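S.K.: The whole structure should be built from the sequences, with the hints applied where relevant.
Line by line, the protein sequences are chains H and S. Going by my numbering, the first sequence opens with residue 1, and the numbers climb by one from there. Going by my numbering, the second sequence opens with residue 1001, and the numbers climb by one from there.
Please keep in mind that the hints were generated in silico from the structure rather than gathered at the bench. Computed from a predicted structure; not experimentally measured. In this text, a Cβ means the ideal position worked out from N, Cα and C, and glycines have one as well. Please note that the accuracy of each hint is not assured.
One-sided and incomplete, this derived list gives chain S residues near chain H with beta-carbon spacing under 10 Å [claimed, not checked]:
| no. | residue |
| --- | --- |
| 1 | Leu-1100 |
| 2 | Leu-1130 |
| 3 | Ala-1144 |
| 4 | Pro-1146 |
| 5 | Ser-1147 |
| 6 | Ser-1152 |
| 7 | Leu-1160 |
| 8 | Asp-1163 |
| 9 | Arg-1166 |
DEER-style ranges, computed between Cβ atoms [said to hold, decoys possible]:
| no. | chain 1 | residue 1 | chain 2 | residue 2 | range |
| --- | --- | --- | --- | --- | --- |
| 10 | S | Ala-1048 | H | Pro-73 | 40 to 50 Å |
| 11 | H | Lys-238 | S | Gln-1293 | 29 to 39 Å |
| 12 | S | Thr-1255 | H | Thr-52 | 53 to 63 Å |
| 13 | H | Asn-141 | S | Ala-1070 | 36 to 46 Å |
Protein chains: 2
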Amino acid sequence: MSILITGAGGYVGQELAASLLASTPASTTVTITDVVEPEIPEAAKEHASRLTCVKADLTSTEAVDELISASRPYETVYILHGIMSSGSEANFELGIRVNLDATRYILDRLRATMPGVKVVFTSSLAVYGLAPPGFVISEKNFPASPSTSYGSQKLIIETLLNDYSRRGFLDGRCMRLPTVTVRAGKPTQAASSFASDIIREPFHGRKAVLPVSKETEVWICSPYTIIKNLMHARTVPKEAFGESRSVNLPGLKVTVQQMLDSLLEVGGKERRDLVEEKYDAATDKIVQTWTPQFDTTRAFELGFAADISMEENIRRFASRFV
Amino acid sequence: MSILITGAGGYVGQELAASLLASTPASTTVTITDVVEPEIPEAAKEHASRLTCVKADLTSTEAVDELISASRPYETVYILHGIMSSGSEANFELGIRVNLDATRYILDRLRATMPGVKVVFTSSLAVYGLAPPGFVISEKNFPASPSTSYGSQKLIIETLLNDYSRRGFLDGRCMRLPTVTVRAGKPTQAASSFASDIIREPFHGRKAVLPVSKETEVWICSPYTIIKNLMHARTVPKEAFGESRSVNLPGLKVTVQQMLDSLLEVGGKERRDLVEEKYDAATDKIVQTWTPQFDTTRAFELGFAADISMEENIRRFASRFV
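M.R.: The structure is reproduced here in structure tokens:
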């Protein structure tokens, strides 16, 4: 059995590759790819012989054709690559080329070479615009009406993948991720980067910038739960999804203030003081379009896990990366 | 001032061209295009000097480039072309090429040559899947989760056009049409074709086939009101749309039985008897995914008109086309 992960140079991709290797039989191989050759994840060193790292620019159809061919069928393909929210807002052409065109070409190549293959696509709750204050969004009670190009491109791929799944071309699973916090690694181009930065950077003794107000509510999920749920996405029987393959993954509603309080509790005053408030209108404008509360009954019914607490989340981060 | 209509060989395009010519100043010109050179609408004969008919295959980028160029800017572009629901379901590749790729290329060409131009896109209520029995859909209370490739392709263009409008690339208006009934002309590849066939054909002394049960509820709109509302779509100030350019147009909920009763009343027993019940599972399967009731408050707030009665609809058809 063989699994492919795109965008695997990123934090989630690296974690996912390590977890897949740790939890699958010795006969399972994993191919990870990114525009820069992805590293072997630290936690996957002992399984390195089952891991292939491929440098590939997925906006090149030749590169996709080489990566995906009938002679090497995958059991599951995880599509994680993409230009993130701030990046796609700042550079429309780049976002649409990577998030829409490259992904669509991958879907078509998969359909042509390994029809019916399982595809786990990391979408985002950014497919939703802002709900009325206090409104709790589920998959059934609110339209996906994105307020960003990033969210629009995610929604378009979801729409295609749902239709491909309905027609039996592919077996898609569209996972709408909350903001993944605390991410190890570096600050990213996502407008949500601050939500990890304000925890991660202080633990590395570095200052972090908070570009939004402390009253801001965010819907987050720990990397621990995200990885668990992305692994689970592969194992859900396709019949269980019903009429749509799109799922709002579980998360946690917290204010930035609560995150800072948890930082203080787990990391102490010295670390808390490294967070500097510096309002940024462009980031705040994007963040304000995200609704901070979701009803994830559907995800629970499909066997996805609830998130851990903010404190446990920070403790896990600190114990692994500091 | 100049206006372009694609898919103008079809019934709605022909009616729209005639109405635009009749209601605009003598300085306004209208270009109508289709894959076969569209005819001059009967009702537009007196304005023929202001009308240009162009044969163009819009899946050819050269044809689009020729039709849309900076030297001949349009004030409004009506995008009406498309492979209809049954056609897109039967031939996926054709549907995606015409409904998605050709339309997307047109949007990009418009953005490049006449940025900010008004674009009225005829979408469809087929962007929605089936709602729970009795549920009344509005733009705000239910997700667009299409059950057909046709609906998926419409939703993708809406998503792009909304993002293009938000960014100021174009000034889009996505009109989700109910089933247009009574259409003059010929039966079409739409799964909804029967809804016009069962009225039109008997009035021409021909048999018509009813492929669904008489209890089936449908959400329809007369051509009279559709044209009125498509003309209105051009005149709504863009600021009025708020966060989304998508509008569920007004319509009428009727059962097939009520349509047949209206046929009997307006057309008499002889015509009513020309409708033959002949169940077709493939058509019924598509029709059953359409929700028959909508809350169109938003459309009314934007100044769109309510539909006329079924009887008045049939009388108008009979007086013009029989």
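S.K.: Of the hints stated earlier, which fail here?
M.R.: Number 10 only.
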